[in-house]
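A.B. asks: Here's the letter readout for the chains.
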Amino acid sequence: MTASLTLGPVLFNWPVDRWRDFYARIADEAPVDTVIVGEIVCFKRAPFFAEAMGEVIERLSAAGKTVWLASPILVGSDRERSAMRDLVESDAGLVEANDMGALALLAGRPHAVGPTINVYNEATLGWMAGRGAVAVSLPAELPAATVAVLAKAGRELGVETEVQVWGRAPLAISARCYHARAHGLHKDGCQFVCGNDPDGLPVTTMDGQPFLTVNGTQTMSHGCLCLAAEMPALLEMGVSRFRLSPQAMDMVRVAEAFRAVLDGRRDGAEVAAELGGQIAAPLVNGFYHDTAGALRVA
Amino acid sequence: MDNFELICPAGTPAALRAAVDAGADAVYLGFRDETNARNFPGLNFTRQDVADAVDYAHARRVEVYVAINTYPQAGNLGPWQKAVDDAARLKVDAVILADPGLLAYAAKRHPDLRLHLSVQASAANVEAIRLYRDAFGVRRVVLPRVLTVPEIAKLNAEIDIETEVFVFGGLCPMAEGRCSLSSYATGLSPNKQGVCSPANHVRYEQRGGALASTLGGFTINVFGEGEQAGYPTLCKGRFVAGDGPAYLFEEPTSLNAMDLLPELKAAGVRALKIEGRQRGKAYIAAVVRAYREALESFAAGRPVPHIDLQAMVEGGTQTTGAYTRGWR
Chain R
1202 MTASLTLGPV LFNWPVDRWR DFYARIADEA PVDTVIVGEI VCFKRAPFFA
1252 EAMGEVIERL SAAGKTVWLA SPILVGSDRE RSAMRDLVES DAGLVEANDM
1302 GALALLAGRP HAVGPTINVY NEATLGWMAG RGAVAVSLPA ELPAATVAVL
1352 AKAGRELGVE TEVQVWGRAP LAISARCYHA RAHGLHKDGC QFVCGNDPDG
1402 LPVTTMDGQP FLTVNGTQTM SHGCLCLAAE MPALLEMGVS RFRLSPQAMD
1452 MVRVAEAFRA VLDGRRDGAE VAAELGGQIA APLVNGFYHD TAGALRVA
Chain C
29 MDNFELICPA GTPAALRAAV DAGADAVYLG FRDETNARNF PGLNFTRQDV
79 ADAVDYAHAR RVEVYVAINT YPQAGNLGPW QKAVDDAARL KVDAVILADP
129 GLLAYAAKRH PDLRLHLSVQ ASAANVEAIR LYRDAFGVRR VVLPRVLTVP
179 EIAKLNAEID IETEVFVFGG LCPMAEGRCS LSSYATGLSP NKQGVCSPAN
229 HVRYEQRGGA LASTLGGFTI NVFGEGEQAG YPTLCKGRFV AGDGPAYLFE
279 EPTSLNAMDL LPELKAAGVR ALKIEGRQRG KAYIAAVVRA YREALESFAA
329 GRPVPHIDLQ AMVEGGTQTT GAYTRGWR
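Chains as they are written, first to last, in our numbering: chain R, 1202 to 1499; chain C, 29 to 356.
Incorrect hints may appear among the rest.
Said to hold, decoys possible - With a Cα cut of at most 35 Å, we get these calculated DSBU-like pairs of lysine-lysine:
(1) C:K309 - C:K119
(2) C:K136 - C:K293
(3) R:K1353 - C:K110
(4) C:K136 - R:K1353
(5) C:K119 - R:K1245
(6) C:K136 - R:K1245
(7) C:K182 - C:K136
Stated by the list, open to error - A few chain R residues facing chain C, derived, Cβ under 10 Å:
(8) A1381
(9) G1409
(10) A1474
(11) L1476
(12) Q1479
Calculated from the structure, these hints are not laboratory results.
Every residue gets a Cβ at the ideal spot worked out from N, C-alpha and C, and that includes glycine.
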């Protein structure tokens, strides 16, 4: 398996014009192999992007990118279920399942498993492979020892394993909208206040220490996950896919830097040092090193 | 119409006896290790404890369920598989599992063992629930605390396996089994180690008249003089997002859905679960007794009585959580 770069779905509520322009630039300039598109955090936001989806997929495909569609993280209501079914039945690209419901509908067809589905061990990976999974993006909290076992099992099963190497880590999902709650609103009348924060709403402790990021119903890390320095070890383990999660920053530059590490042209630690200056958050890698995810281990 | 089943927590053999004696239909518990999602020091059951618990409960026609609901560690599946084997050998009435790999193991190795899907599996829709039924023969699903009662009713109309819902105790505002907040702050997680906001990462520090509580070095709350200081459960802390400090995710509060019993019955729910394996036997006895009384009254066609559980709830406040839409 050759190693490749994936651009995960935009998790934030960007204005649709910005979203479309972002993907146009990714299509033209970013050295990524696979681009995963779709609104996966909040069903209420999806209609904004639906109208531009076809155009974005076409543009990315024309530029030679492999386009996958991501399913929502939390599916409860009838409307969410029907949107999930429509997605699975569309033929616009391979589907990455982010909920077991989507995984159920994809049985027997080639599909990908997203990082919000719990794959913690080789028994579960094997079960998923038997149902048609061709790639599994591992949950962010998995330490190196676990990644190594899963990457090895994946190679034996013919399933590619993917690890997120850049971007805020998704930490939790809820039925409740914290963005709305922070503004004294309810989810039903949220006024789409999440749109005010293209990189999420910063959450600090009462002592002013940056801690988390709220993105609608999702809670993310404040620290930006960066495993550029760990990529040689991940490649050694057999991890073949490396995911960049979009932030409101120059993602073309991020992709170029990670491409250079992947190709052996640049040193990962040096790239991490450079990218650290590009985002207003500390770089973290604690999960991988089996400690608190908020820490950075040198 | 069948009455609800009342499913009660037991963190210790004493709590188990208290739950059985107070009117539980089933008691759920875990082995004393990382295979269950309440892996706290001083809690849980040895194999012999479980054997004794089964004897005590079965003699009183009460069932015993064993929760093996963390996600087995890669390269080290043994402890989780052995927990399933031992639960089957000890003749428990059901095991409560979350991991597909472990469910596959249990279904193959112990075809007669009754499987329940843990809330840790976060199965919130018809398609997901059918998958667990079809793939592993799961007989009951514990629903995550993200659905409204009308959503539960719709779901039950489309599935043919039993549903169990939480009615009392701690409230997870996040979808269970999909939360890494503790792991981010401390390195220990509900999914891997079975701990949430682990006690060995908690510190309290006096700051003049105020008391600060921290988890993994992050301040989770600061209590003013005279304010009652609670445990720093991460999602129930006070944080700053924009304006001043506020309970951004959830107040320190407890779930109490007793008033919703008629709605839950109409929604087709089979079993009601009380949360709190870390609670003492006096708490367990009081809560189980109150719910037993409410259920008997309801089953007899009388109105659900108002039973005061105020003394049993966290922070002195109660909520019906995601069951009502306003919570969102």
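A.B. asks: Min Cβ distance, A1474 (chain R) to chain C: is it shorter than 10 Å?
C.D. replies: 23 Å, violated
A.B. asks: Does the structure keep K136 (chain C) and K1245 (chain R) at a Cα separation of 35 Å or less?
C.D. replies: 41 Å, violated
A.B. asks: Answer holds if the nearest beta-carbon of chain C is closer than 10 Å to that of Q1479 (chain R); otherwise answer violated.
C.D. replies: Interface hint status for Q1479 (chain R): violated (22 Å vs cutoff 10 Å).
A.B. asks: Run the distance test for K309 (chain C) versus K119 (chain C): straight-line Cα separation, threshold 35 Å.
C.D. replies: Between K309 (chain C) and K119 (chain C) the Cα gap is close to 24 Å, so the pair holds against 35 Å.
A.B. asks: For the pair we were handed, K182 (chain C) and K136 (chain C), check the Cα-Cα distance against 35 Å.
C.D. replies: Distance ~31 Å between K182 (chain C) and K136 (chain C) Cα, so the pair holds.
A.B. asks: Sort out whether K110 (chain C) lies within 35 Å of K1353 (chain R), counting only the CA atoms.
C.D. replies: 24 Å, holds
A.B. asks: A closest beta-carbon separation below 10 Å is what the hint needs, so does L1476 (chain R) meet it against chain C?
C.D. replies: 20 Å, violated
A.B. asks: Once the shortest beta carbon distance from G1409 (chain R) to chain C is found, is it less than 10 Å?
C.D. replies: The hint holds - G1409 (chain R) has a Cβ within 10 Å of chain C, the shortest such distance being about 7 Å.
A.B. asks: Tell me if the straight-line CA distance from K136 (chain C) to K1353 (chain R) falls inside 35 Å.
C.D. replies: Holds, because 24 Å separates the two Cα atoms, which is no more than 35 Å.
A.B. asks: For the hint on A1381 (chain R), does the least C-beta distance to chain C fall short of 10 Å?
C.D. replies: At 8 Å from the nearest chain C Cβ, A1381 (chain R) passes the 10 Å test, so the hint holds.
A.B. asks: Given the hint that K119 (chain C) pairs with K1245 (chain R), does the C-alpha gap stay at or below 35 Å?
C.D. replies: 47 Å, violated
A.B. asks: Within a Cα-Cα threshold of 35 Å, do K136 (chain C) and K293 (chain C) meet the stated pairing?
C.D. replies: Status holds; Cα separation ~34 Å.
When held up to the earlier numbered hints, the structure conflicts with 5, 6, 10, 11 and 12 and fits the remainder.
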